[in-house]
Amino acid sequence: MEAIRSYLDNIFANLPRTKEVLRAKEEMLANMEEKYLAYKEEGRSENEAIGSVISEFGNIDELLSEFSIEQAVPQKTLRTVSKQEATDWLDLKRRSGLMVAFGVFLIIAGAAAVVFMGSMGHSEFGNYSLPVSTGSAMGVVLMLLMVVLAVALFIYSGMRLERFKFLQEPFILPDAVKKNVEDMKDQYTKTYTLAIIAGVSLCILAPLAIILPVVFLENTPVSQWVILMLLLVGCAVFIFTYFGSIMGSYDQLLKTGDYSEEPENKIIKAVSSAIWPLAVLAFFLMGFLGGLWHIAWIVFPVAALLFPVFITIAKAMKKE
Amino acid sequence: MISSDVIRGYNDLIILSLLTDQPSYGYDISRQIRTISEERYIIKETTLYSAFNRLEKQAYIESYSAVGKHGRQRTYYRITEKGRAYYREKCEEWILIKKVIEKFVKE
Chain A
7 MEAIRSYLDN IFANLPRTKE VLRAKEEMLA NMEEKYLAYK EEGRSENEAI GSVISEFGNI
67 DELLSEFSIE QAVPQKTLRT VSKQEATDWL DLKRRSGLMV AFGVFLIIAG AAAVVFMGSM
127 GHSEFGNYSL PVSTGSAMGV VLMLLMVVLA VALFIYSGMR LERFKFLQEP FILPDAVKKN
187 VEDMKDQYTK TYTLAIIAGV SLCILAPLAI ILPVVFLENT PVSQWVILML LLVGCAVFIF
247 TYFGSIMGSY DQLLKTGDYS EEPENKIIKA VSSAIWPLAV LAFFLMGFLG GLWHIAWIVF
307 PVAALLFPVF ITIAKAMKKE
Chain B
-2 MISSDVIRGY NDLIILSLLT DQPSYGYDIS RQIRTISEER YIIKETTLYS AFNRLEKQAY
58 IESYSAVGKH GRQRTYYRIT EKGRAYYREK CEEWILIKKV IEKFVKE
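Going down the list, the sequences are from chains A and B.
Per this note's numbering, the first sequence starts with residue 7, numbered consecutively.
Per this note's numbering, the second sequence starts with residue -2, numbered consecutively.
Since the hints were derived computationally from the structure, they do not count as laboratory data.
Heads up, some of the hints might be wrong.
Coverage of chain B stretches by chain A, computed from C-beta distances (three or more under 8 Å per stretch; other residues unrestricted) [unchecked claim]: (1) 23 to 32; (2) 84 to 93.
Ranges between beta-carbon positions, derived for each pair [said to hold, decoys possible]: (3) B/S60 to A/E52: 30 to 40 Å; (4) B/E90 to A/R23: 33 to 43 Å; (5) B/R85 to A/A182: 36 to 46 Å; (6) B/E78 to A/K89: 42 to 52 Å.
Computed from a predicted model, the values in this text were never measured in an experiment.
Note that CB positions come from ideal geometry on N, CA and C, so glycine has one too.
Work the whole structure out from these sequences, hints included.
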């Protein structure tokens, strides 16, 4: 039975999904299933029954001329995504999302490490006094090690996903598989919403981690609250990246959300691929050239806050 | 086996004839065509559905949804008065064609 359904799915995959066409498909599927059951009852084997039913399907062009649809022959035959491939993709994307999210967290934690090691030199931690320059230098080394690990994770997960590069081109998702993925996405939406709420809450709480102690505690070393804030932001970014990547894996298959087939906004695309490398660059420039390690971390939260603002503005301008 | 090209103009007649006595549905029609033609003509799914679609558009048949014997939801078709008239017209046309062609057929 499944064979008949996927046969029809493939035949109808390139046709416009009008009410008329969908009805034709449903009707013919019902007929073919009944015919298949009757053949089985006559004592034909599974394969014989399916073979006969499919050989008696006819020619789809006949139906199209009836509906006066020009067969929308795609320039090249589109790749069909099998059920197995869809499952593999979702699975792989979940794992690579975890790696990327961890990598991003490492980078932010690296910034926290610089602040931490630098602050050791201010003898704010009592006995662990270090010369300021030594502390900062060790912090930078530690951070660079974490960045190296993060970049390794990015490259590794990117290479694992290489196999699914064809999903960036137009492709066909058979109806049966599509239904399946839609159900999975529906189930996931609740988790995703909760995760986003948690992430946004963390982002809002993060600045408070500095503001509150500075206002209410006297003589408190700011640096340790900066570290706390960075770690909170790191957790938030981890959540956005990991859960967002899973949501993205559904959207990419279903061509919804960010992956819908609307013409893409080139400016947004360019900026979104450049913003984080630029932020890292600014961080290093401020640190190495300006010696501003204690404050350079600010570029990350600033970038994180400005980016959504920019996207909203860019989208609004495009609409006008 | 009759090829679908040759019989094209008469699918309407065949289907309407099967609907004259009682309403019926897709698979049943194709099964009857097969049995009555003694397996000489097996109508293709696309041919059958195109015919239903065309006949319904011209108001020769009407479709409705009903639950069949085994609890299956099916689309049934019934013939209309206009359809009966068209059927008779097609039958007369065939009788004429048969007479004419007969004269050219040498045994």
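Hint check:
Counting residues of the stretch 23 to 32 of chain B whose beta-carbon sits less than 8 Å from any beta-carbon of chain A gives 4, enough to reach three: the coverage restraint holds. Only residues whose C-beta sits within less than 8 Å of a C-beta in chain A count toward coverage, and the stretch 84 to 93 of chain B has 0 of them, not enough to reach three; the restraint is violated. Distance hint for B/S60 and A/E52: a CB-CB separation of about 32 Å, consistent with the stated range 30 to 40 Å. The beta-carbon spacing between B/E90 and A/R23, approximately 38 Å, falls within the hinted interval of 33 to 43 Å.
With their beta carbons about 45 Å apart, B/R85 and A/A182 fall inside the hinted range of 36 to 46 Å. For the pair B/E78 and A/K89, the supplied restraint of 42 to 52 Å holds, since their beta-carbon distance comes to about 49 Å.
The earlier numbered hint that this structure contradicts is number 2, and it is the only one.
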